[in-house]
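A.B. asks: Using the sequences plus the hints, can you model the full thing?
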Amino acid sequence: MENSISTKNDKQAASAATFANGRRKPDALTDEQIISDLLPRKFGKLGMIWMGILVVICMVGVFAYFRQLKYGLVVTNMRDYASWGIYISNFVFFVAISLVGSLITAVLRLTGVHWSTPLTRIAEIIAVSAITFAAIIIIVDMGRPERFYNLFLFGRLQSPIIWDVTVITTYFFISILLLYIPLLPDMKILLATKEKTAFYKLYRFMGSFWKGTHLQFRISKKAINILCIAIVPVAFSIHTVTSWLFATTYRPGWDSTNFGPYFISGAFLVGSGAVTVAMYVFRKYYNLKNYITYDHFDRMGKIVVMLGLLYLYFNVNEYLIPAFKMKKPEEGFLDSLFVGEFAPLFWAAILGGMIIPIIVLLFKKGRHPFPMFICGIMIVVGAWFKRYLIVTPTLLHPFLPMHNVPASYKHYFPSWEEWAIAMGSLAGALLVVTIFARIFPIIPIQETLIEQHEKEHNK
Amino acid sequence: MDINNTSRKEFLAAMVTSGLVLAGCSSKKTPFEAGADELVKPSGEKVKLLSVDGEVIEVDKAFLKPVPQLPAITNSEERKGIPGKKFVMVIDLSRCKNLRKCQQACNHMHQVHSDLNWLKVYPMNEGEHTAPYWQPTTCMHCDEPPCVKVCPVDATFKRQDGIVLIDSDRCIGCRFCMAACPYSIRVFNWEKPDTVSEELCGQPYSCETSVPQKKGTVGKCDFCPDMARKNELPHCVVACPNGTFFYGDLNEDSVTNGAETFRFSDLIKDKAGYQLMDDLGTKPSVYYLPPAARNFPFEKGMEIDKG
Numbered sequence: 043m044e045n046s047i048s049t050k051n052d053k054q055a056a057s058a059a060t061f062a063n064g065r066r067k068p069d070a071l072t073d074e075q076i077i078s079d080l081l082p083r084k085f086g087k088l089g090m091i092w093m094g095i096l097v098v099i100c101m102v103g104v105f106a107y108f109r110q111l112k113y114g115l116v117v118t119n120m121r122d123y124a125s126w127g128i129y130i131s132n133f134v135f136f137v138a139i140s141l142v143g144s145l146i147t148a149v150l151r152l153t154g155v156h157w158s159t160p161l162t163r164i165a166e167i168i169a170v171s172a173i174t175f176a177a178i179i180i181i182v183d184m185g186r187p188e189r190f191y192n193l194f195l196f197g198r199l200q201s202p203i204i205w206d207v208t209v210i211t212t213y214f215f216i217s218i219l220l221l222y223i224p225l226l227p228d229m230k231i232l233l234a235t236k237e238k239t240a241f242y243k244l245y246r247f248m249g250s251f252w253k254g255t256h257l258q259f260r261i262s263k264k265a266i267n268i269l270c271i272a273i274v275p276v277a278f279s280i281h282t283v284t285s286w287l288f289a290t291t292y293r294p295g296w297d298s299t300n301f302g303p304y305f306i307s308g309a310f311l312v313g314s315g316a317v318t319v320a321m322y323v324f325r326k327y328y329n330l331k332n333y334i335t336y337d338h339f340d341r342m343g344k345i346v347v348m349l350g351l352l353y354l355y356f357n358v359n360e361y362l363i364p365a366f367k368m369k370k371p372e373e374g375f376l377d378s379l380f381v382g383e384f385a386p387l388f389w390a391a392i393l394g395g396m397i398i399p400i401i402v403l404l405f406k407k408g409r410h411p412f413p414m415f416i417c418g419i420m421i422v423v424g425a426w427f428k429r430y431l432i433v434t435p436t437l438l439h440p441f442l443p444m445h446n447v448p449a450s451y452k453h454y455f456p457s458w459e460e461w462a463i464a465m466g467s468l469a470g471a472l473l474v475v476t477i478f479a480r481i482f483p484i485i486p487i488q489e490t491l492i493e494q495h496e497k498e499h500n501k
Numbered sequence: 007m008d009i010n011n012t013s014r015k016e017f018l019a020a021m022v023t024s025g026l027v028l029a030g031c032s033s034k035k036t037p038f039e040a041g042a043d044e045l046v047k048p049s050g051e052k053v054k055l056l057s058v059d060g061e062v063i064e065v066d067k068a069f070l071k072p073v074p075q076l077p078a079i080t081n082s083e084e085r086k087g088i089p090g091k092k093f094v095m096v097i098d099l100s101r102c103k104n105l106r107k108c109q110q111a112c113n114h115m116h117q118v119h120s121d122l123n124w125l126k127v128y129p130m131n132e133g134e135h136t137a138p139y140w141q142p143t144t145c146m147h148c149d150e151p152p153c154v155k156v157c158p159v160d161a162t163f164k165r166q167d168g169i170v171l172i173d174s175d176r177c178i179g180c181r182f183c184m185a186a187c188p189y190s191i192r193v194f195n196w197e198k199p200d201t202v203s204e205e206l207c208g209q210p211y212s213c214e215t216s217v218p219q220k221k222g223t224v225g226k227c228d229f230c231p232d233m234a235r236k237n238e239l240p241h242c243v244v245a246c247p248n249g250t251f252f253y254g255d256l257n258e259d260s261v262t263n264g265a266e267t268f269r270f271s272d273l274i275k276d277k278a279g280y281q282l283m284d285d286l287g288t289k290p291s292v293y294y295l296p297p298a299a300r301n302f303p304f305e306k307g308m309e310i311d312k313g
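From first to last, the protein sequence lines stand for chains C and V.
Note that the first sequence covers residues 43 to 501 in the working numbering.
Note that the second sequence covers residues 7 to 313 in the working numbering.
Don't read these hints as lab results, they were simulated from the structure.
No experiment lies behind these values; they were computed from the predicted model shown.
This list has only true hints and no planted wrong ones.
So these bits of chain C aren't anywhere near chain V, every CB distance computed over 10 Å:
hint: 1; residue: 85
hint: 2; residue: 92
hint: 3; residue: 97
hint: 4; residue: 101
hint: 5; residue: 104
hint: 6; residue: 307
hint: 7; residue: 385
hint: 8; residue: 404
BS3-like, lysine-lysine: derived pairs with alpha carbons at most 25 Å apart:
hint: 9; chain 1: C; residue 1: 497; chain 2: C; residue 2: 263
hint: 10; chain 1: C; residue 1: 253; chain 2: C; residue 2: 243
hint: 11; chain 1: V; residue 1: 92; chain 2: V; residue 2: 289
hint: 12; chain 1: V; residue 1: 220; chain 2: V; residue 2: 155
hint: 13; chain 1: V; residue 1: 198; chain 2: C; residue 2: 112
hint: 14; chain 1: C; residue 1: 84; chain 2: C; residue 2: 331
hint: 15; chain 1: C; residue 1: 370; chain 2: V; residue 2: 289
hint: 16; chain 1: C; residue 1: 331; chain 2: C; residue 2: 406
hint: 17; chain 1: V; residue 1: 221; chain 2: C; residue 2: 112
hint: 18; chain 1: V; residue 1: 86; chain 2: V; residue 2: 289
hint: 19; chain 1: V; residue 1: 220; chain 2: V; residue 2: 86
hint: 20; chain 1: V; residue 1: 67; chain 2: V; residue 2: 47
hint: 21; chain 1: C; residue 1: 230; chain 2: C; residue 2: 263
hint: 22; chain 1: C; residue 1: 452; chain 2: V; residue 2: 220
hint: 23; chain 1: C; residue 1: 369; chain 2: V; residue 2: 289
hint: 24; chain 1: C; residue 1: 326; chain 2: C; residue 2: 407
hint: 25; chain 1: C; residue 1: 452; chain 2: V; residue 2: 221
hint: 26; chain 1: V; residue 1: 289; chain 2: V; residue 2: 155
hint: 27; chain 1: V; residue 1: 220; chain 2: C; residue 2: 112
hint: 28; chain 1: V; residue 1: 91; chain 2: V; residue 2: 164
hint: 29; chain 1: V; residue 1: 91; chain 2: V; residue 2: 236
hint: 30; chain 1: C; residue 1: 452; chain 2: V; residue 2: 107
hint: 31; chain 1: C; residue 1: 452; chain 2: V; residue 2: 312
hint: 32; chain 1: C; residue 1: 84; chain 2: C; residue 2: 230
hint: 33; chain 1: C; residue 1: 326; chain 2: C; residue 2: 406
hint: 34; chain 1: C; residue 1: 331; chain 2: C; residue 2: 344
hint: 35; chain 1: C; residue 1: 253; chain 2: C; residue 2: 263
hint: 36; chain 1: V; residue 1: 198; chain 2: C; residue 2: 452
hint: 37; chain 1: C; residue 1: 264; chain 2: C; residue 2: 253
Ideal Cβ placement from N, Cα and C applies to all residues, glycine included.
C.D. replies: Structure below.
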């Protein structure tokens with residue numbers, strides 16, 4: 043695998059001049075240049091504006107949540123039929139997107155793929171921040187958040203919610219470790235080069251014990267391997283269990299044996315979409331053209347196509363097979379998706395979030411950075427609305443008629459507080475990623491150096 | 007419910023409670039001295055009381071305050087249920103004309119939020135050429151309750167007498183039970199219930215009376231176990247002028263609507279009783295008698311129905 047890549051690079055080296063803007067792997071970079079390229083940088087003007095916008099959105103979300111605490115969930119537009127709304131769909135979205143950490147870091151590492159090295163930290167920080175906000179948003183959805191401790195006092199192992207709490211906590215800690223351990227060698231580099239910076243004390247606190255000895259490298263490699271193996275079943279569990287929150291009920295649209303793999307394939311798709319978006323942004327604004335190359339986009343593009351086709355396959359199973367039978371309880375639900383009130387959103391999510399990106403990315407030119415970026419955004423936005431379509435239409439099609447309730451109970455459109463909190467949580471997740479990239483190198487320096495040395499050695 | 011009608015046991019319990027309250031007060035401000043509470047003016051009328059130490063003391067009547075009525079039975083007793091009972095309900099669809107008296111009584115007695123109904127009357131029509139009928143729907147008190155299965159904190163539970171109840175002091179408001187219930191019978195207190203009287207507001211919650219309802223928790227039909235303990239019928243059964251609801255004990259094999267009493271097994275056999283959505287395997291405790299030989303035409307109920 044490695045050999046084939048380097049021969050490919052050798053061939054490309056001839057045309058290096060024409061592809062100077064980063065279409066190929068860095069093979070003529072010195073150690074000092076790599077280190078200075080990859081060190082975290084202060085925010086520019088654009089960075090400050092970005093931070094400012096995110097902070098403002100977060101604050102609006104916090105204010106909306108304050109109102110919700112004061113007046114109760116009545117400030118939302120959820121009611122007895124649509125008893126779960128965009129909080130829950132946002133939660134599913136966060137859990138889904140966090141799965142990419144395990145895909146890029148663990149699955150690709152275990153299968154001996156090396157080109158993904160520069161992407162591992164991007165994927166892992168997305169995973170950590172998404173799973174954190176998944177936990178936060180689920181507390182936001184609770185009618186009695188102050189009784190959260192009841193889950194530990196009176197937890198019933200039979201309830202899928204307890205399974206979810208267990209696996210999400212486990213996943214969070216494994217992800218944190220998978221983020222932290224590979225950071226240690228980089229922390230040493232940071233301490234050596236950037237003395238007396240604002241974060242010097244933080245680096246020293248987190249990583250001063252790392253001396254870079256042979257033994258430490260061996261332990262760290264072993265630990266990462268163990269974590270990579272451990273995280274795969276846990277990652278599958280978090281999203282399978284999340285799907286079971288729905289599939290363990292009788293409701294049309296949820297009562298499906300297909301739900302576990304359906305959710306997992308969708309999760310890998312949206313996570314890969316998010317990573318491509320992050321790749322593009324970091325490449326552009328951190329000047330990482332030598333490290334995140336056209337080659338990376340090309341390979342990620344192929345992965346996204348594969349995952350997109352997989353998710354499409356499960357969607358066919360999920361919607362067309364019940365539609366073939368049109369059982370009475372399912373009929374109204376499916377009608378509302380295919381031709382009814384949710385049809386515009388449904389087809390936009392299917393076409394824009396799956397079919398169009400798949401078609402675009404089938405072409406080599408479609409896998410260039412900019413079209414990949416656009417496709418990534420389409421996948422992520424499509425996936426967010428897809429989660430909404432999984433949660434809400436089902437609840438609005440109960441078995442018994444919607445009757446003896448105020449008219450507002452029969453429809454659902456999120457209130458401003460719900461939008462503010464949901465958007466605030468998304469902004470919060472982006473804020474965590476942004477701040478992380480400000481403090482730590484977003485591309486692993488040590489691993490890039492090692493790969494560089496190996497490559498030179500192979501020559 | 008009646009505060010004036012306190013038993014000796016409750017009176018003593020109240021004395022202990024007030025003793026505890028006293029211990030928390032500063033020594034200067036005992037409620038037995040004038041001026042301790044500026045709002046209360048001594049009436050001059052003295053009442054003799056038994057203190058915690060067993061002394062007889064005299065207190066001005068103005069200082070006496072009603073203490074919250076303590077639940078007659080403990081939470082763990084409420085969770086066990088009434089021994090030897092298996093409560094069932096039979097709803098005779100041929101007798102219902104959507105008067106909603108059941109609903110009004112239920113809402114009133116449980117002080118349900120004005121937007122919500124624990125008991126719903128649905129206009130049902132299964133197929134294109136079938137006849138519509140009114141279906142009063144309570145909680146089914148399933149023997150395989152999907153709501154209880156999914157509750158993460160045991161806030162909703164199944165008792166040995168067949169009743170499914172909610173502990174509003176424990177409910178975390180995740181609403182998983184509402185998603186799980188195929189009968190959509192559960193309601194949520196999206197805000198502080200607007201109907202709870204101030205007198206009841208400060209009282210401790212009882213799983214059996216289901217009052218007072220609390221903000222951010224789930225509520226539903228409780229089969230009125232508090233009435234059953236008093237050997238009385240649930241509010242909906244009593245309120246229906248047409249005798250649509252029959253309530254009883256499966257172990258005794260009898261159900262009654264107050265005026266008529268039937269052998270449960272005979273009634274189900276003779277009138278071809280069935281359970282709602284029994285194909286889901288929930289094993290409901292509520293049985294329906296088909297709307298054959300109706301007492302009222304369906305259209306009669308349309309006058310009251312507001313959707």
